[in-house]
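Sequences and hints are given; from them, build the entire structure.
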Amino acid sequence: MLRIDRLSAWYGEAQALREVSLAVEPGEVVTLVGRNGAGKTTLLRCVMGLHKQLTGTVEFEGAALPALPVHRRARLGLGWVQDDRGIFASLSVEENLLLPPVVGPDPWSLKRVYEAFPRLAERRRFPGTKLSGGEQQMLAMARVLRMGSRLLLCDEPTEGLSPLLVQQIGDILREIKTQGVTVLLIEQNVHFAVTVADRHYLLAEGRVVESLDNAQVRAREHELLEYLGI
Amino acid sequence: MQQVFNGLVSGSFYALLALGLAVIFGMLGVVNFAHGAFYMLGAFGAYILLTEAGVNFWLALVLVPLALGLFGVILERLLIRRLADLDPLYNFLLTFGLTLILQDLLKREYGVQSQPYPPPISATLDLGLFEYPAYQVFVLGCSIVVCLAVWFVLSRTRVGMIVRAATERPELTRAFGIDVGRWVTPVFGFGVALAGLAGVLAAPMRAVNPLMGADLIITVFAVVVIGGLGSTFGSVLAGFLIGVVGSLGNLYVPALSQTLVFILMAAVLLWRPAGLFGREEALT
Ligand SMILES: Nc1ncnc2c1ncn2[C@@H]1O[C@H](COP(=O)(O)OP(=O)(O)OP(=O)(O)O)[C@@H](O)[C@H]1O
Ligand SMILES: [Mg+2]
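These protein sequence lines are chains A and B, in that order.
Residue numbering for the first sequence follows the working numbering, beginning at 1 and increasing consecutively.
Residue numbering for the second sequence follows the working numbering, beginning at 1 and increasing consecutively.
Just so you know, the hints here were simulated from the structure itself, not pulled from any lab data.
Just so you know, not all the hints are guaranteed correct.
The following residues of chain B were derived to be distant from chain A, with all beta-carbon distances above 12 Å [stated by the list, open to error]:
id, residue
1, A53
2, N56
3, V62
4, I74
5, L98
6, L105
7, Y110
8, I121
9, R164
10, E168
11, L172
12, F176
13, L260
14, R272
15, L276
Rough simulated footprint, nothing fancy, chain B against chain A, three-plus residues with beta-carbon under 8 Å [what the hints assert, rightly or not]:
id, region
16, 64-71
17, 83-95
18, 99-110
Just some of the chain B residues that point at chain A, by a computed CB distance under 7 Å [what the hints assert, rightly or not]:
id, residue
19, V4
20, G160
21, A165
22, A175
From the three backbone atoms N, C-alpha and C, an ideal C-beta is built for every residue, glycine too.
Printed below as a string of structure tokens:
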């Protein structure tokens, strides 16, 4: 579904990604783990087209992405969940949900969104950024589900959330997996990651240093958590 | 009281012009220095249509904004779009240069003296406390209706939603599948059309001459800054506010009437650096 081949990226002179190659198959949930500054966000931004100083290839369902403008990628089925949640302050909660066009074959209806997230229904007329951090994260997830995006690019959706909300994000990820949605997820909490994902890539200093399955992560959980500084 | 009304009428022009500047700035990030020239073109458009083709005011009120909107669309596609990725200084040079060109073209034809434009309504209205020219009341009403209509479109329609999102975070808006670039052209054209509308409305009231926009636009920039850069609501409100303040200032402190607006602007900026309705993060 997503194939990244020898992707390098720079910020001016500073190199943030060094020849990263990885692949995500349809229906998989794959996480990217790595310390702060390892290049995880940069990798997702390259896929979405928000970072342009790059070399290498990125293919989504066989289409070469680097030639496509950002909005075309979204329309192909990429769903963007930004690390700062990307909620528009000048749009209400409901407008935040309705802004993007429906792009996939199996989108969530507004009704289904509100059933899954009653808090958003209660606050539908509020400005998007008047929500709490957790609610904004729910809104960011709900927005790409309503688009019907087929590949979600989620940048630390559980960061700063209470255990209860992390649990709820986990439930949603498992639910959409059964629906066939593919997810590339940045997740520092490997303890949580193994409950939602199939496979994991460990990034360090802009490189993929290891590719791990759930069993390997479980066996090395303490070591990994210590390495990641959690 | 009559001075307050005079102020609201002046404010009608400030509001229309500031609104156009604000939507253009919000969507394109372009400070359109040619806005005053478009206003002047609006007034001359009405004047030329009347004298050369006998087209009356009411028809001009529709035709001239449409023509200027089209002019704006062409300008955006042809020139402004090419500067999008460059230093904003280039936009300043382009729009400022355009202003000089347009002014001088009309100066060549008509000189700097004012051209008369007969008022389309000469009646006066009895407003209870005082008599007032009906045309001025029409201008005020027209401006209020247009501002409300724009507010409605911005706050209640899908187009408005896209414009608000793209004004706030253009790159993020693209990430949600919206081709922001496609909306930039009509928004620019619309802003220019608003300036044209203000110009047509001004023709029967103000002196029609090539420098009429240059005199006004400085004040309008102050209005936009007071209202808060990027805030359409703030621009409109500040437009009427400055109109009234200027008019009262004229009455009570005539010596300061020219500078009052800028004193007010400095005071507002000291108190709220982002303007009355601007968001702080818009400054960074
Ligand atoms: N806008 C920027 N300008 C310059 N350098 C940047 C910029 N953004 C990131 N970097 C650098 O690129 C490298 C990778 O950053 P990136 O944000 O991709 O890391 P990350 O793995 O997402 O980290 P975190 O866990 O903190 O989110 C870092 O060294 C960072 O300092
Ligand atoms: Mg990051």
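To see whether the hints hold, each was checked on the structure:
At roughly 43 Å from the closest C-beta of chain A, the C-beta of B/A53 stays outside 12 Å, upholding its exclusion from the interface. Every C-beta of chain A lies more than 12 Å from that of B/N56, the closest at about 41 Å, which supports listing it as non-interface. Distance check for B/V62 against chain A: the nearest CB is about 31 Å away, which clears 12 Å, and the non-interface claim stands. The beta carbon of B/I74 is kept farther than 12 Å from every beta carbon of chain A, the shortest such distance being approximately 23 Å.
Non-interface call for B/L98 relative to chain A: holds, since the shortest CB-CB distance, roughly 29 Å, exceeds 12 Å. The claim that B/L105 is not at the interface with chain A holds, since no C-beta of that chain comes within 12 Å of its own (minimum 38 Å). Remark: the non-interface label on B/Y110 is consistent with the geometry, its nearest Cβ contact in chain A lying 43 Å away (cut-off 12 Å). For B/I121, the requirement that its beta carbon stay farther than 12 Å from each beta carbon of chain A is met, with the minimum near 39 Å.
With a least CB separation of 4 Å from chain A, B/R164 falls inside the 12 Å interface cut-off, contrary to its annotation. Against the 12 Å criterion, B/E168 falls within the reach of chain A, whose nearest CB is about 5 Å from its own CB. Look at B/L172: its CB is around 5 Å from the nearest CB on chain A, not clear of 12 Å, so calling it non-interface is violated. Non-interface call for B/F176 relative to chain A: violated, since the shortest CB-CB distance, roughly 4 Å, does not exceed 12 Å.
Residue-level check passed: B/L260 sits 32 Å from the nearest beta carbon of chain A, beyond 12 Å. For B/R272, the shortest C-beta to C-beta distance to chain A comes to about 17 Å, beyond the 12 Å cut-off, and the non-interface label holds. The non-interface label for B/L276 is consistent with chain A: the shortest C-beta to C-beta separation is roughly 16 Å, beyond 12 Å. Using a Cβ-Cβ cut-off of 8 Å, 3 residues of the region 64-71 of chain A lie near chain B, which meets the minimum of three, so the contact claim holds.
A stretch counts as covered by a chain when three or more of its residues have a beta carbon under 8 Å from one of that chain; for the region 83-95 of chain A and chain B the count is 6, and the coverage holds. Counting residues of the region 99-110 of chain A whose beta-carbon sits less than 8 Å from any beta-carbon of chain B gives 4, enough to reach three: the coverage restraint holds. With 7 Å as the threshold, the beta carbon of B/V4 stays out of range of chain A, its nearest partner Cβ sitting at about 32 Å, so the hint is violated. The beta carbon of B/G160 comes no nearer than 9 Å to any beta carbon in chain A, farther than 7 Å, and the hint placing it at the interface is violated.
Among the interface hints, the one on B/A165 holds; its C-beta lies about 5 Å from the nearest C-beta in chain A, closer than the 7 Å criterion. Proximity of B/A175 to chain A holds as hinted, the smallest CB-CB distance being about 4 Å (cut-off 7 Å).
Comparing the model with each earlier hint shows violations of hints 9, 10, 11, 12, 19 and 20; every other hint is respected.
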